[in-house]
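*Asks:* Listed here are the chains, written in short residue letters.
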Amino acid sequence: MSSEKIVVVGNGMVGHKLIDNLIQHEEADQFELITFSEEPRLAYDRVQLSSYFAGASAEDLMMTSESYYQENGVNYILNDKVIEVKVAENKVITASGREESYDKLVLATGSFPFVPPIPGKDQDHCLVYRTIEDLEAMTASAKESKIGVVVGGGLLGLEAANALKNLGLEVHVVEFAPRLMAVQLDEGGGELLRKKITDLGVSIHTSKNTKEIVAGESSRYRMNFADGEYLETDMVLFSAGIRPQDELARQCGLQMGERGGIVINNYCQTSVDNIYAVGECALWDGKIYGLVAPGYTMAKVAVSHISGGDQEFKGADMSTKLKLLGVDVASIGDAQGRTPGCLSFVYQDGVNEVYKRIIISEDKTRLLGAVLVGEVEAYGTLQQMCVNEMDLPENPEALIIPSIDGDEGAGGVGVDALPDSAHICTCHDVTKGQICSAVQDGASTIGDIKASTRAGTGCGGCVALATQVMNCELSKLGVEVNTDICEHFAHTRQEIYHIVRVEKIKTFDELLEKHGKGMGCDICKPTIGSILASCWNDYVLKEEHAALQDTNDYFMANMQKNGTYSIVPRIAAGEITPEKLIVLGQVAKEYKLYTKITGGQRIDLFGAQQHELPLIWKELIDAGFETGHAYGKSVRTVKSCVGSTWCRYGVLDSVGMAIHIEDRYKGLRSPHKLKFAVSGCTRECAEAQSKDIGVIATENGWSLYVCGNGGMKPRHADLFASGLDDQMLITLIDRILMFYIRTADRLQRTSVWMDNLDGGLEYLKDVVIRDSLKVCSELESDMAHIVSTYQCEWKTTVEDPDKLKRFRTFVNSNEKDNTVVFVEERKQIRPANKDELVRFVESAEPELV
Amino acid sequence: MSSDELQWISVCEADELSPLLGVRALLDQQQIALFNVKGELYAIDAIDPFTDAAVLSRGIVGDIKNQVVVASPIYKQHFSLASGICLEDESVSVKTYPVREKDGKIQLGKKC
Ligand code: SRM
Ligand SMILES: Cc1cc2nc3c(=O)[nH]c(=O)nc-3n(C[C@H](O)[C@H](O)[C@H](O)COP(=O)(O)OP(=O)(O)OC[C@H]3O[C@@H](n4cnc5c(N)ncnc54)[C@H](O)[C@@H]3O)c2cc1C
Ligand code: SF4
Ligand code: FES
Chain A
1 MSSEKIVVVG
11 NGMVGHKLID
21 NLIQHEEADQ
31 FELITFSEEP
41 RLAYDRVQLS
51 SYFAGASAED
61 LMMTSESYYQ
71 ENGVNYILND
81 KVIEVKVAEN
91 KVITASGREE
101 SYDKLVLATG
111 SFPFVPPIPG
121 KDQDHCLVYR
131 TIEDLEAMTA
141 SAKESKIGVV
151 VGGGLLGLEA
161 ANALKNLGLE
171 VHVVEFAPRL
181 MAVQLDEGGG
191 ELLRKKITDL
201 GVSIHTSKNT
211 KEIVAGESSR
221 YRMNFADGEY
231 LETDMVLFSA
241 GIRPQDELAR
251 QCGLQMGERG
261 GIVINNYCQT
271 SVDNIYAVGE
281 CALWDGKIYG
291 LVAPGYTMAK
301 VAVSHISGGD
311 QEFKGADMST
321 KLKLLGVDVA
331 SIGDAQGRTP
341 GCLSFVYQDG
351 VNEVYKRIII
361 SEDKTRLLGA
371 VLVGEVEAYG
381 TLQQMCVNEM
391 DLPENPEALI
401 IPSIDGDEGA
411 GGVGVDALPD
421 SAHICTCHDV
431 TKGQICSAVQ
441 DGASTIGDIK
451 ASTRAGTGCG
461 GCVALATQVM
471 NCELSKLGVE
481 VNTDICEHFA
491 HTRQEIYHIV
501 RVEKIKTFDE
511 LLEKHGKGMG
521 CDICKPTIGS
531 ILASCWNDYV
541 LKEEHAALQD
551 TNDYFMANMQ
561 KNGTYSIVPR
571 IAAGEITPEK
581 LIVLGQVAKE
591 YKLYTKITGG
601 QRIDLFGAQQ
611 HELPLIWKEL
621 IDAGFETGHA
631 YGKSVRTVKS
641 CVGSTWCRYG
651 VLDSVGMAIH
661 IEDRYKGLRS
671 PHKLKFAVSG
681 CTRECAEAQS
691 KDIGVIATEN
701 GWSLYVCGNG
711 GMKPRHADLF
721 ASGLDDQMLI
731 TLIDRILMFY
741 IRTADRLQRT
751 SVWMDNLDGG
761 LEYLKDVVIR
771 DSLKVCSELE
781 SDMAHIVSTY
791 QCEWKTTVED
801 PDKLKRFRTF
811 VNSNEKDNTV
821 VFVEERKQIR
831 PANKDELVRF
841 VESAEPELV
Chain B
850 MSSDELQWIS
860 VCEADELSPL
870 LGVRALLDQQ
880 QIALFNVKGE
890 LYAIDAIDPF
900 TDAAVLSRGI
910 VGDIKNQVVV
920 ASPIYKQHFS
930 LASGICLEDE
940 SVSVKTYPVR
950 EKDGKIQLGK
960 KC
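Going line by line, the protein sequences match chains A and B.
Numbered according to the working numbering, the first sequence terminates at residue 849, and the numbering increases by one at each position without gaps.
Numbered according to the working numbering, the second sequence terminates at residue 961, and the numbering increases by one at each position without gaps.
Hints are computed from structural coordinates only; laboratory data are not their basis.
A hint or two may mislead.
[Unchecked claim] Below, computed lysine to aspartate or glutamate pairings styled on EDC-like, alpha-carbon distance capped at 20 Å:
| no. | chain 1 | residue 1 | chain 2 | residue 2 |
| --- | --- | --- | --- | --- |
| 1 | B | 914 | A | 513 |
| 2 | B | 925 | A | 487 |
| 3 | A | 816 | B | 901 |
| 4 | A | 91 | A | 103 |
| 5 | A | 542 | B | 865 |
[Said to hold, decoys possible] Derived DEER-like restraints, expressed as beta-carbon distance ranges:
| no. | chain 1 | residue 1 | chain 2 | residue 2 | range |
| --- | --- | --- | --- | --- | --- |
| 6 | A | 589 | B | 878 | 26 to 34 Å |
| 7 | B | 947 | A | 789 | 44 to 52 Å |
| 8 | A | 513 | B | 952 | 31 to 39 Å |
Where is the CB? At the ideal position from N, CA and C, for every residue including glycine.
Turn these sequences into a full structure, and let the hints guide you.
*Replies:* And the structure:
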């Protein structure tokens with residue numbers, strides 16, 4: 001069969017998807033592909049457009065690249081609009097005069113923003129929001145503006161309002177209808193959304209019909225409304241809906257909808273058999289779909305039909321879940337309750353500003369739609385129930401009423417109940433069945449699922465649901481999540497800890513011989529090194545422990561991207577004398593180190609080479625510094641606020657307590673790093689509630705908070721006990737930390753550890769406060785042992801000439817590592833990047849530092 | 850290749866290469882990572898091809914699926930000490946060098 005020439009007009013999200021589907025097609029070599037784009041670049045992610053204002057570049061938004069098209073033999077012509085289709089000759093003609101013949105033509109021309117015919121709409125600073133060029137125009141205009149008005153309070157309008165807010169403008173939204181998001185929300189939901197958005201400082205003006213835009217008095221323009229009122233603004237952004245980009249189709253005589261849109265059948269064919277239309281320009285069953293997922297489905301259907309398949313487009317679910325100006329909003333199915341005879345349940349929580357409504361069928365067997373504002377956790381479940389027409393539970397109201405005991409998912413449906421055909425990922429059209437078969441084929445992490453099905457790689461909204469489906473299928477297959485730490489030990493970290501203690505094992509080799517196999521690896525060695533340190537507190541560079549340590553622990557410094565190290569001396573509680581500050585400055589200057597204040601109230605010195613570490617530490621130790629263990633899975637810092645000593649609100653000495661705590665636990669090795677903070681009053685300037693151990697002073701003594709963290713998944717600490725005196729506070733911390741070290745998994749922070757304890761916080765209180773396991777005295781004496789055997793590893797090291805040998809860069813030369821190259825930035829050094837390295841090496845420029 | 854074709858250069862004393870702890874040597878401006886694993890000697894390029902940093906002598910040594918490996922300390926890819934091939938991406942590898950112990954010295958072999 002000779003190859004078939006397919007011309008795709010428009011390289012937007014859907015046009016690209018269609019081309020990508022053809023590239024991935026098993027008969028890809030049968031197709032000759034050409035695409036035209038009016039825009040200066042290939043497809044980018046319009047859905048994520050607003051992330052541009054949060055720092056994403058045009059580059060970041062790209063969905064494909066010219067090299068990908070080239071590698072797959074796709075011919076693309078940018079910056080050239082197709083202006084004519086000669087249907088009889090199967091030919092297209094572009095603005096630049098280019099002619100191209102086709103066997104099949106696909107129109108994927110998308111839509112354009114509708115600008116209402118208001119006098120004055122064509123002036124400067126009157127903009128729309130659809131392309132990267134529009135973003136650039138908005139940014140430029142914002143620089144000369146203070147106030148911005150968005151015309152249109154729909155989904156896109158509110159997103160645009162957020163963009164203007166991010167650009168630093170005072171923002172107003174003007175809406176013609178009496179409420180926001182009139183298409184998706186009912187009245188109650190719209191009202192709550194309005195309140196929440198107003199609270200964020202965006203002014204909302206509903207039921208406003210703009211008559212004209214004229215010169216303003218205090219601002220650039222004045223918008224006059226039909227009701228006689230007006231609003232002054234410097235910029236106007238129209239977001240009053242979209243219109244299908246259909247002029248090309250109209251010109252060549254294809255059948256059009258009454259109000260625009262290219263009419264297509266279930267195979268996405270237009271009224272001319274070999275011309276297809278997909279995406280926002282296509283009109284199916286009288287409807288234009290303004291979302292990307294239905295467009296992707298059309299792309300799939302069209303590709304199927306082009307290659308002889310028989311998939312059909314049967315409409316699409318318009319449910320949406322969004323964060324608008326930080327407010328969670330979701331709309332599912334018949335959100336307005338337009339189905340005749342339908343019933344609804346409403347849950348409204350004025351205090352927490354949550355609104356939920358479900359619409360159910362007259363016979364109470366089916367969910368027809370839902371509106372959620374302020375809390376959208378139920379979205380996945382409700383959307384699936386609605387789309388798959390699943391049976392409603394007996395008390396449907398339980399679907400939206402929060403359960404009293406905080407038991408999650410009460411009234412929800414387990415993923416197990418979903419049919420295989422359930423769409424889990426609407427962006428990439430992935431069903432539950434496909435995820436299950438990926439699991440059967442060996443996928444066992446969400447990363448595997450993303451790679452093999454693409455679920456979760458679009459908007460990301462389905463990741464939680466996809467993970468649940470995967471886990472459910474894994475457990476059905478009887479796959480037990482393997483908890484062995486690695487191939488060398490068939491035990492969990494906790495089991496190894498117990499073995500080490502009970503059998504009093506002192507070295508890795510002994511443990512390996514008795515309980516493991518092989519030689520060990522970079523997973524089990526550092527884990528066991530840490531356990532041995534927690535139990536016996538030996539010097540980490542002792543001959544038998546040295547090879548267990550990660551490079552950071554071995555060289556007692558943090559390795560950076562270019563193989564140099566950073567040095568973080570302990571500055572307990574962030575308190576430092578001027579003399580010590582000066583020493584840090586002098587040392588940094590002498591060794592040409594980059595200096596920075598860390599997020600942990602300490603000072604980090606970067607860029608030291610291996611052989612310089614002991615020299616630098618010698619000077620630091622002489623000045624009274626100790627190692628800060630920034631390299632270890634160990635106690636890091638105790639942050640403090642200035643507290644009662646200076647602060648007019650402080651009730652206890654937070655700095656003194658923070659220093660006391662840091663001194664006590666410094667050097668303690670643990671399953672993951674440990675961070676503390678102490679605040680002098682409830683204003684909480686030290687952010688103690690985001691730490692593993694947080695202490696806050698009150699009139700009645702110390703309050704102890706546990707198991708919080710920042711980082712990837714921030715978690716607030718839980719109140720553990722209050723009204724504590726100094727002694728009791730320390731006793732409780734001793735017990736908690738030691739219990740954590742004994743029972744946590746490798747790299748499990750305290751928050752995850754506690755959430756995994758059967759009984760959680762209450763259980764921990766039972767063990768630590770009420771001594772339910774009768775282990776408290778043991779936990780305390782273990783801790784006492786560690787505290788009494790503390791040594792500064794760096795001090796021990798610089799005093800031992802034998803150990804110093806290990807820091808030589810080369811065993812046979814005093815030369816420096818020539819891969820380490822620095823350049824200057826803001827008056828300090830930084831590692832040269834790849835481009836700079838190549839340039840320097842080639843020209844041997846002397847500007848190297 | 851028979852050893853007579855090689856010129857052997859001593860780089861350090863045998864006892865300077867502790868078991869399982871790598872060291873770095875410089876041979877004609879090449880940075881080479883040396884290891885002693887249970888008496889077996891290995892020499893590979895010290896430069897980690899994923900980051901271009903000279904860090905491989907500073908990784909943890911062990912075995913994965915019966916191959917003796919070192920883990921790059923930066924992004925933790927494993928390299929076979931015998932072949933230099935990266936276990937995670939077999940299209941990537943580092944050079945290996947002839948190495949031996951003679952008269953209490955560790956020697957690297959280079960072609961004459
Ligand atoms: C230097 C510093 C950034 C800075 O310039 O301020 C820093 C730098 C690093 N952080 Fe951090 N973190 C630093 C404060 C923080 C903080 C803020 C704080 O402690 O108040 C956080 C959030 C709080 C928390 O941990 O709960 C923080 C959350 C993380 C995380 C995420 C942990 C999590 O549970 O999600 C990692 C990754 C990890 O540990 O697995 C990380 C890992 C790292 C590593 C070790 C990454 C690496 O492997 O190279 C960085 C190396 C430090 C170095 O080379 O010296 N760093 N890091 C800060 C050192 C504080 C200190 O004096 O010791
Ligand atoms: C700010 C914003 C936020 C959005 N958020 C979401 C969201 O959260 N969820 C969601 O589902 N959807 C969202 N959308 C909608 C989504 O972006 C569209 O549904 C999707 O882009 C439609 O794809 P398309 O390929 O049909 O059209 P487009 O992506 O518009 O692509 C059409 C392309 O064809 C080109 N073209 C037109 N005519 C010609 C011609 N004659 N010759 C050559 N080229 C031509 C156009 O220049 C354009 O590049 C959002 C849109 C915007 C603007
Ligand atoms: S928490 Fe704030 S208010 Fe309280 S003592 Fe510290 S600095 Fe002062
Ligand atoms: S639904 Fe958007 S990524 Fe799956």
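*Asks:* Now tell me if each hint is right for this structure.
*Replies:* Here is what the structure says about each hint:
no. : hint                       : in the structure
1   : 914/B to 513/A             : holds, 18 Å
2   : 925/B to 487/A             : holds, 16 Å
3   : 816/A to 901/B             : holds, 16 Å
4   : 91/A to 103/A              : holds, 9 Å
5   : 542/A to 865/B             : holds, 16 Å
6   : 589/A to 878/B: 26 to 34 Å : holds, 30 Å
7   : 947/B to 789/A: 44 to 52 Å : holds, 46 Å
8   : 513/A to 952/B: 31 to 39 Å : holds, 33 Å
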